[in-house]
Amino acid sequence: MDFRELEKKLVTFRDARGWKKYHTPKNLAISAVVELGELLQHFQWASNEEILKAMEDPEKKEAVADKIADVIIYLTLLAHELGIDLGEAVARKIEKNERKYPTKMVEK
Numbered sequence: 001m002d003f004r005e006l007e008k009k010l011v012t013f014r015d016a017r018g019w020k021k022y023h024t025p026k027n028l029a030i031s032a033v034v035e036l037g038e039l040l041q042h043f044q045w046a047s048n049e050e051i052l053k054a055m056e057d058p059e060k061k062e063a064v065a066d067k068i069a070d071v072i073i074y075l076t077l078l079a080h081e082l083g084i085d086l087g088e089a090v091a092r093k094i095e096k097n098e099r100k101y102p103t104k105m106v107e108k
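Under my numbering, the first residue of the sequence shown is numbered 1, with each subsequent residue one higher.
I should point out that these hints are in silico values taken from the structure, not numbers from a laboratory.
Nothing here was measured: the structure is a model prediction, and the numbers come from that model.
Certain hints may be false.
Straight-line Cα separation of at most 27 Å, BS3-like style, residue types lysine-lysine; simulated pairs [stated by the list, open to error]:
id: 1; residue 1: Lys104; residue 2: Lys26
id: 2; residue 1: Lys67; residue 2: Lys53
id: 3; residue 1: Lys21; residue 2: Lys9
id: 4; residue 1: Lys93; residue 2: Lys104
id: 5; residue 1: Lys53; residue 2: Lys26
id: 6; residue 1: Lys9; residue 2: Lys104
id: 7; residue 1: Lys9; residue 2: Lys20
id: 8; residue 1: Lys8; residue 2: Lys93
id: 9; residue 1: Lys8; residue 2: Lys20
id: 10; residue 1: Lys26; residue 2: Lys9
id: 11; residue 1: Lys8; residue 2: Lys26
id: 12; residue 1: Lys67; residue 2: Lys9
Restraint-style ranges between C-beta atoms, simulated for each label pair [stated by the list, open to error]:
id: 13; residue 1: Ile68; residue 2: Lys93; range: 15 to 23 Å
id: 14; residue 1: Ala91; residue 2: Lys53; range: 31 to 39 Å
id: 15; residue 1: Ile68; residue 2: Thr12; range: 19 to 27 Å
id: 16; residue 1: Trp45; residue 2: Asp15; range: 16 to 24 Å
id: 17; residue 1: Met55; residue 2: Asp85; range: 14 to 22 Å
id: 18; residue 1: Ile72; residue 2: Tyr22; range: 13 to 21 Å
id: 19; residue 1: Arg14; residue 2: Glu98; range: 31 to 39 Å
id: 20; residue 1: Glu88; residue 2: Ile68; range: 40 to 48 Å
id: 21; residue 1: Asp85; residue 2: Lys20; range: 17 to 25 Å
id: 22; residue 1: Ala29; residue 2: Ile94; range: 33 to 41 Å
id: 23; residue 1: Gln44; residue 2: Lys9; range: 17 to 25 Å
id: 24; residue 1: Ala63; residue 2: Glu95; range: 17 to 25 Å
id: 25; residue 1: Lys104; residue 2: Tyr22; range: 45 to 53 Å
id: 26; residue 1: Lys26; residue 2: Glu56; range: 32 to 40 Å
Don't be surprised by glycine CBs; every beta carbon is placed ideally from N, CA and C.
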C-alpha cells in the first residue's frame with residue numbers, strides 16, 4: 001500500500017466514525033508522541049540483544065508492530081490535515097539527506 005492509499009483508507013475509517021472533529025493538528029501530533037512513548041516501553045531497560053530476542057515471540061512482535069502502526073497512522077492523518085503529501089515529503093527529505101551526507105569513496 002502506498003502513502004496515498006494508506007491516507008485514503010485512514011481518512012475513510014476516521015470519517016465513518018465521526019472522529020474528524022478530534023483530529024486537529026495539535027491532537028494528532030500529541031497522539032503520535034503518546035503512541036511513540038508506548039512503543040518505547042517495549043524497549044525500556046532492555047539491551048539490543050534482549051529486544052531482538054523478544055521479537056522472536058509472535059505476541060511481543062505483534063504488540064510492537066501495533067505501536068509502530070499507531071505512530072504511522074497518527075502521522076499520516078497529521079500530514080493529511082496539514083496538506084502534506086507524504087510520498088513527496090519523504091522523497092524530498094531523502095534527497096536532502098543525500099546532499100547533506102554524501103557517500104565517500106573508500107579506496108581499496
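| When you take the CB atoms of Ala63 and Glu95, is the distance between them in 17 to 25 Å? | 35 Å, violated
| request: May I ask you to test the hint 13 to 21 Å on the CB atoms belonging to Ile72 and Tyr22? | output: 18 Å, holds
| request: Would you check the hint for Lys53 and Lys26, treating anything up to 27 Å between C-alpha atoms as holding? | output: 36 Å, violated
| Does the structure keep Lys8 and Lys26 at a Cα separation of 27 Å or less? | 21 Å, holds
| CB-CB spacing for Glu98 and Arg14 relative to the 31 to 39 Å hint | Holds - the Cβ-Cβ distance for Arg14 and Glu98, about 34 Å, lies within 31 to 39 Å.
| query | Does the Cβ pair Ala91, Lys53 satisfy 31 to 39 Å? | reply | 35 Å, holds
| query | Is it true that the CA of Lys93 sits at most 27 Å from the CA of Lys104? | reply | 20 Å, holds
| query | Can the restraint linking Lys8 and Lys93 be considered satisfied, given a maximum Cα separation of 27 Å? | reply | 22 Å, holds
| request: Assess, step by step, whether the Cα of Lys21 is no farther than 27 Å from the Cα of Lys9, and give holds or violated. | output: 18 Å, holds
| Taking the beta carbons of Lys26 and Glu56, is their distance inside 32 to 40 Å? | 39 Å, holds
| field | Outcome of range test on Cβ distance (Ile68, Thr12; 19 to 27 Å) | value | 21 Å, holds
| Does the alpha-carbon distance linking Lys67 and Lys53 stay inside the 27 Å limit? | Measuring from Cα to Cα gives roughly 18 Å; hence the hint holds.
Hint check: violations occur at hints 1, 5, 6, 16, 17, 20, 22, 23, 24; the rest are consistent with the structure.
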